[in-house]
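Quick mapping for you: the protein sequence lines, in order, are chains A and B.
Per my numbering, the very first residue in the first sequence carries number 1; after that it's consecutive.
Per my numbering, the very first residue in the second sequence carries number 1; after that it's consecutive.
Among the clues, some could well be false.
[Claimed, not checked] Distance condition first, Cα-Cα at most 16 Å in a straight line; then the derived EDC-like pairs of lysine to aspartate or glutamate: (1) B:Lys26 - A:Glu82; (2) B:Lys125 - A:Glu22; (3) B:Lys94 - A:Asp140; (4) B:Lys94 - B:Glu56; (5) B:Lys26 - A:Glu91; (6) B:Lys94 - B:Glu196; (7) B:Lys125 - A:Asp66.
What the hints contain is simulated information worked out from the structure, not anything from laboratory work.
Computed from a predicted structure; not experimentally measured.
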Amino acid sequence: MNGIHDMGGMHGFGAVDRRSDEVLFPEAWQGRVCALAGYAMGAGLANIDAFRHAIERMPPDRYLSDGYYGRWLYALETLARERLAGDTTPERPEIGSVAREADREPRFALGDPVRTWNRHPQGHTRLPGYARDRRGVIADVHPACVYPDTNADGRGESPEYLYTVAFESRELWGEEAEAGATVYIDLFEPYLEALE
Amino acid sequence: MTADHRHGSESPAVRTEAIEALLVEKGLVQSAAVDALVERYEHDIGPLRGARVVAEAWTDPEFRARLLEDGMPAIRELGFGDNTDSHVARLVVKENTDSVHNLVVCTLCSCYPWAVLGLPPAWYKSPAYRSRAVREPRRLLAELGLDLLPDVEVRVWDSSAEVRYMVLPRRPEGTDGLGVEELTARVTRDSMIGVERL
Numbered sequence: 001m002n003g004i005h006d007m008g009g010m011h012g013f014g015a016v017d018r019r020s021d022e023v024l025f026p027e028a029w030q031g032r033v034c035a036l037a038g039y040a041m042g043a044g045l046a047n048i049d050a051f052r053h054a055i056e057r058m059p060p061d062r063y064l065s066d067g068y069y070g071r072w073l074y075a076l077e078t079l080a081r082e083r084l085a086g087d088t089t090p091e092r093p094e095i096g097s098v099a100r101e102a103d104r105e106p107r108f109a110l111g112d113p114v115r116t117w118n119r120h121p122q123g124h125t126r127l128p129g130y131a132r133d134r135r136g137v138i139a140d141v142h143p144a145c146v147y148p149d150t151n152a153d154g155r156g157e158s159p160e161y162l163y164t165v166a167f168e169s170r171e172l173w174g175e176e177a178e179a180g181a182t183v184y185i186d187l188f189e190p191y192l193e194a195l196e
Numbered sequence: 001m002t003a004d005h006r007h008g009s010e011s012p013a014v015r016t017e018a019i020e021a022l023l024v025e026k027g028l029v030q031s032a033a034v035d036a037l038v039e040r041y042e043h044d045i046g047p048l049r050g051a052r053v054v055a056e057a058w059t060d061p062e063f064r065a066r067l068l069e070d071g072m073p074a075i076r077e078l079g080f081g082d083n084t085d086s087h088v089a090r091l092v093v094k095e096n097t098d099s100v101h102n103l104v105v106c107t108l109c110s111c112y113p114w115a116v117l118g119l120p121p122a123w124y125k126s127p128a129y130r131s132r133a134v135r136e137p138r139r140l141l142a143e144l145g146l147d148l149l150p151d152v153e154v155r156v157w158d159s160s161a162e163v164r165y166m167v168l169p170r171r172p173e174g175t176d177g178l179g180v181e182e183l184t185a186r187v188t189r190d191s192m193i194g195v196e197r198l
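Start from the sequences, fold in the hints, and give me the full structure.
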């Protein structure tokens with residue numbers, strides 16, 4: 001979805017405040033939320049894609065104001081409300097890698113030129129907005145993995161091959177691009193079309 | 001904004017107690033286990049693992065080759081790569097050289113190599129870092145004290161899926177005689193994300 005979470009390239013957030021003296025969980029509730037989310041996902045409240053999508057569905061002002069673990073808390077509340085009503089108890093999923101055996105070969109190979117699709121799905125997706133409808137080159141071919149776009153909203157895992165795609169900075173940012181920079185993004189096969 | 005009243009006007013601490021009580025009541029979590037996991041995050045899972053991996057790679061060329069080939073099996077040799085991050089499909093390690101500097105970000109959320117670096121620092125999760133790392137990495141790095149020569153190529157890794165990235169920083173000058181333990185102490189978390197040079 002075109003949401004506030006899709007931050008790549010945005011202006012206006014100022015300088016990066018890199019501190020070396022920070023505490024992992026400045027407030028105790030943040031550590032509890034971190035652990036609670038891990039256990040709740042492990043017990044089947046939601047898969048990781050649905051969890052991420054629950055964060056993306058937050059009102060944008062809350063997304064910015066609640067902080068990282070505040071967003072996790074908000075997502076836990078959303079998912080609990082949606083999925084734990086009445087006597088329902090989720091099934092415990094198998095824990096393990098999202099890599100899957102695929103019954104076909106990858107469509108692209110190392111070095112293939114590709115273009116990303118220009119689609120604006122309302123649901124969860126892992127193609128950042130700044131890389132939509134852009135030309136790149138396949139830089140790595142990974143195993144097929146659970147496809148977040150369908151897994152996030154209960155349409156199943158429908159595994160797709162995952163690629164690392166290299167984009168020249170200029171292709172992404174035009175004339176303002178910095179010289180000598182390449183951005184590599186991990187993208188699923190459906191997002192990509194072959195480029196001659 | 002819609003539906004916000006459902007998330008209450010109470011403090012996050014109060015809301016956390018409420019959601020924990022519900023998850024316990026539903027049998028999804030046990031509070032003692034939550035206590036233990038928080039403890040583990042705070043004390044056991046951290047960038048020390050990554051630092052050890054880097055020191056091994058600096059001192060053992062064959063390990064370095066295996067690490068760059070496929071990160072997860074290599075870190076398992078050192079006893080890392082447990083269930084901290086079990087859904088991750090691959091760990092990819094990118095080596096900084098004279099001519100290439102690598103930088104890791106996640107613009108869409110805050111994906112991070114938990115298995116080797118623990119939980120991400122606050123700045124890594126900040127909108128400023130997530131928005132700027134892909135658009136103006138050189139300027140951002142310069143602001144953070146790392147000036148790259150114009151002929152050094154910057155490679156930014158936007159971890160948008162279940163592949164996680166760690167940077168293998170360059171070994172600092174004057175460390176030839178040091179062993180793995182001493183080298184491990186030299187490696188910083190931020191150098192393994194790519195915002196610091198050792």
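So, going through the hints one by one against the coordinates:
no.	hint	result
1	B:Lys26 - A:Glu82	holds (14 Å)
2	B:Lys125 - A:Glu22	holds (13 Å)
3	B:Lys94 - A:Asp140	holds (13 Å)
4	B:Lys94 - B:Glu56	holds (15 Å)
5	B:Lys26 - A:Glu91	holds (12 Å)
6	B:Lys94 - B:Glu196	holds (14 Å)
7	B:Lys125 - A:Asp66	holds (13 Å)
When each numbered hint is compared with the structure, no violation occurs for any of them.
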